Amino acid sequence: MKKFLIPLCLFFAVAAHSQDDLLKSIDSSQVEESYSTATFKALQLVTLQTTKMPAKKEFYFVVSHRFGTVKDGLDSFFGLDNATTKLGGIYGVTDWLSVSLSRHTLNKMYETGAKYRMARQDAHFPVDIVGYSVADINTFLEEDQYPGLESKHRMTYVQQLLISRKISQKLSLELVPSFIHKNLYNPELENDNQFSFGGGGRYKITKRLSVNLEYMHNFDNPGFYENPLSVGLDVETGGHVFQLIFTNSQSMSESGYLTNASGEWNKGDFFFGFNLYRVF
Amino acid sequence: MKKTFINFFVLLLITAVHTDCFGQKLITKTGSIKFQASMPSYEEVAAENKSVSAVLEQSTGDFAALVLIKGFRFKVALMEEHFNENYMESEKFSKATFKGKIEDFNVSEITNTAKNFTLKGDLTVHGKTKAVSVIVKVSKTASGVNAVGSFEVKPEDFDIEIPSVVSKKIADKIKIAYNFTLSK
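Residue numbers (the UniProt record's numbering), protein chains in the order written: chain G, 1 to 280; chain H, 1 to 184.
None of these hints come from the bench; they were simulated from the model. A hint or two may mislead.
[Stated by the list, open to error] No farther apart than 20 Å at their CA atoms in a straight line, the calculated lysine to any residue pairs in the SDA-like style are these: (1) Lys56(G) / Ile176(H); (2) Lys207(G) / Lys184(H); (3) Lys182(G) / Phe246(G); (4) Lys75(H) / Lys24(G); (5) Lys56(G) / Arg73(H); (6) Lys95(H) / Lys128(H); (7) Lys24(G) / His126(H); (8) Lys56(G) / Glu81(H); (9) Lys140(H) / Glu103(H); (10) Lys204(G) / Lys95(H); (11) Lys207(G) / Ala77(H); (12) Lys92(H) / Ile167(G); (13) Lys170(G) / Ser94(H); (14) Lys57(G) / Lys95(H); (15) Lys24(G) / Ala47(H); (16) Lys204(G) / Glu81(H); (17) Lys204(G) / Ala47(H); (18) Lys24(G) / Lys184(H); (19) Lys29(H) / Asp27(G).
[What the hints assert, rightly or not] If you want a taste of the chain H side facing chain G, the calculated C-beta under 7 Å gives, among others: (20) Lys50; (21) Val55; (22) Gln58; (23) Ser59; (24) Gly61; (25) Asp62; (26) Leu78; (27) Pro155; (28) Glu156; (29) Asp157; (30) Ile162; (31) Ser164; (32) Val165.
[Stated by the list, open to error] Distance windows between CB atoms, simulated: (33) Tyr35(G) / Lys75(H): 32 to 40 Å; (34) Thr85(G) / Lys128(H): 43 to 51 Å; (35) Ile205(G) / Ser150(H): 47 to 55 Å.
No experiment lies behind these values; they were computed from the predicted model shown. Beta carbons: idealized from backbone N, C-alpha and C, even for Gly.
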């Protein structure tokens, strides 16, 4: 029996060695790139930023709308009569740094921002960490209304840390600690320094469709304003991502979104809108 | 007992000899694969991977190649991301491989002028394997051989889904060009 076995083994040893072994011999010689990619489809989750960065020299043109409150029904055609617009651009200076500028209808706001990646999720590190710094300039304020208004009063600053993890192909989650500083504020309604913490996530329903949810809790909120809660749908239409959203915070500027939400979901008071990106 | 040991030793020796000494392997780790799926008057859909591994067994003509899908570079980064995420699903199917044989390969016939051979084998892309037969041009280089050629594949043969909204922008047949400079 043994005598028979050995030639048999030999035969298999020789037969197996050929194209399969040849393929195996090169298989081990490659090192796989291990960064997690496509954690989120777009630069924004709903209104919050995601950890996604534009590539180097990539330019994104962004158009977003938030319509008026749905609550008014047919009077304002569910808010569509009262559209607010954000027009802006984002440019990837390098793969880890992007800068942005946008103009918002609400409060005639200009927003400048910088987004910078500090860490990436891979086999050895569990999360993506991105910093996001924003300066909002309110050009709606008039000296007639506010005697003694100085240009510094128009400024509001936001500093965020975006921490995300791609849990599976379908599910990605993000935490967003935020610090907001307002040079001009109404002390009866809010504080000059505010800390807001929350986050959100996305779940892919199909390859090209995902549902997104985000919530931010403001810890310095005396109760006049609501906390923003938003839900969105990412639709990838062959290269371009279209985001349909519902939110109780109409503002698209980072500070306005986080601290001045006025809608109340349980009273049917929320806003419809969308974000549209075009990449150049 | 002694006999078993000797038998085992012989087996080991034969296997070792067979894999190492007889082998006249020519290898590259910097081969290139380009694909072109553009349609006229639409955005270019093309990419190149310059770190393809390939190996040729000179004595038999056996040939194998392996490419990491994530290593394909596009001009537009977003296109590259969608290629990986939605089309090739590269986290699930990280590699494309080929294993096969250059038929009637005889290394002594290879000269500086390229000679056509038939390369037959199994191409595995996106987890699906398909038998292919293509023409490969082989010529001699200072330290080995150069193998180049091109062929066409259809995405549906490898279960790569092209959504109808972009079907006009992506060619039905995708042209794949390869270039391997193999050496010892």
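| request: Would you list, in rising numerical order, the hints stated earlier that this structure does not obey? | output: 1, 2, 3, 4, 10, 14, 15, 17, 20, 22, 23, 24, 27, 28, 29, 30, 31, 33 and 35
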